[in-house]
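If you want the building blocks of each chain, they are given just below.
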Amino acid sequence: MAEHAGVYLRLAAASVRATARRPAYLVVRFLSAGMIVGIEVAGVVLMLDRFGSIGGWRPAEVVVLFGLAFTAQGLALVFGDTLEADKVSELVRRGTFDQVLTRPTSPLGWVVASYVDTRFVGRMLAGAVTVAWAADRAGVAWTPGRAGLAALAVACAATIIFGVLLAAAGFTFVTVQGSEAVNVLIYGGQYLASYPMQIYGSALRFVFVWVIPIGLAIYVPALGVLGRQGPAGLPGWLAWLSAPVAGAFAALGGLAWRAGIRHYVGTGS
Amino acid sequence: MRAYLALLRAGFQRQTSYRLALAAGLLTNAFFGVVRTAVFYALYRERDQVAGLDVADALTYVWVLEGLFAVVWAPWFWELAEAIRSGEFVAELLRPGDPYLRLLAFDLGRTLSVLVTRTVPTLTVAALLLPLRLPATLGGLALLGASLVLAAVVSFQLRFLFGSAAFWTPDYRSLFMLVFPVLWLLSGFVVPVDFFPGPLRALVDWSPLIPLLMAPVRVATGAAGPALATQVAWVALLWLGGRAVLALASRRLVVHGG
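Keeping their order, the protein sequence lines are chains A and B. Heads up: the first sequence runs through residues 1 to 269, numbered per this note's numbering. Heads up: the second sequence runs through residues 1001 to 1258, numbered per this note's numbering.
Check before you lean on any hint, since a few could be wrong.
Claimed, not checked - Per the computed footprint, the stretches of chain A lying under chain B, defined by three or more beta-carbons under 8 Å from a beta-carbon of chain B, are: (1) 17–28; (2) 192–206; (3) 226–240.
In short, the hints are calculated from the structure, not lab data. It should be emphasised that the depicted structure is a prediction, and the values quoted were computed from it without experimental measurement. For every residue, glycine included, the Cβ atom is placed at its ideal position computed from N, Cα and C.
Please model the complete structure; the sequences and the hints are all you need to start from.
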């Protein structure tokens, strides 16, 4: 796949240029995505300020989690938006995927690069702004180590969400119709990881730390960024684990994607 | 009248036939509901009442929200606008009877199906497992039912107005994208409007967004009278508004293509 990197970049650039033919549309999509992040954060701040704290965390500290989760989700969807159930379903039903398979590129590379939605660039940037703003309010003294941890959180969580999208796309190749249920992980996972993990019951915590480790990826590095101690069972050194865990998770997603393609039979259209 | 009832039935059946989407929707509502429930339990651990809400009120808000989500943000949100843009909507104007009522009847059929298959089961299960604050009398439950149906009506009326933008511009989606974040917050889908600062809350209380979610929550938690009155008033106002827009739009409708 790597040897074709130039091709994918050109494909992606072409899709951005196509949207940029209508600059107003591009700007609106970008702005609206950023506004959604801003509005969600504003609402949560209004609520948390009334209560003062949640699970021992101050509002600004929670908002750092919100920012990290939004950034990671935006990053994952900049690449993986075309893997969502409705889009893969259309690819299969229209027979477009037959053509993709005959091309001398990797199918994954083509699908990912075929369309870049600027909405998610807006989401990602608004998430990053949120992290910076909230970290300032929470009194975080940025050091290279802390910035590195924040970047690690975003990269790992994005990798995990991308893995979920890969697996879901593989599933859609087989069922054609696909299921919106995967949104529970992509949007629900982001929402869940936006609050400190100690507020959840042990079952929910276990699933989102160890099975779909988006909680591990956001929460544990955030402990380091905020200079906090984790609850029992979630020590700060686990941050070192999140990169290999995220990598392994995405690899599993890749296997599911391959299995899906192997079972792909087209729709005859 | 019989024709409208038939449309209502057709809408109901159409929506009920999406079984897989229903299962995925219930799962999504359950998941977000569980997370939001955990958030409120954690918030109220050291507090009894905040901004007039206690934990039972907050949990009721959570599950009414999850139940009404697909009613307010209906998956078929853009069908009307797309029909207007493609020109199919002309057929709607040629049919006998009143177009606004026909659209309402069909839409209400679909939202009633969502109420029966999603809202009621979600609320029932949540009420069995969690200390929600729901009416304990049959009369109270009937009022809650009426409030949920009124929320569905207002949701159609607002979606109709947003869809009608397609009469004037093909960029109706861009327009909506810019207002959506604000609607999302002010309708109470991010946090209950009770947590807003005083002036903002007062403003929102007078907006047509209240009947969508906060009014049913208030009916459920005990303040039925004023909440229902607000809903009825908005149904009437939006009825006039919707009809005015339709009358204006039909006069300037341009149909592209052949």
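Each hint tested on the structure:
no. : hint    : in the structure
1   : 17–28   : holds (count 3)
2   : 192–206 : holds (count 6)
3   : 226–240 : violated (count 0)
Checked against the numbered hints given earlier, the structure breaks only hint 3 and satisfies all the rest.
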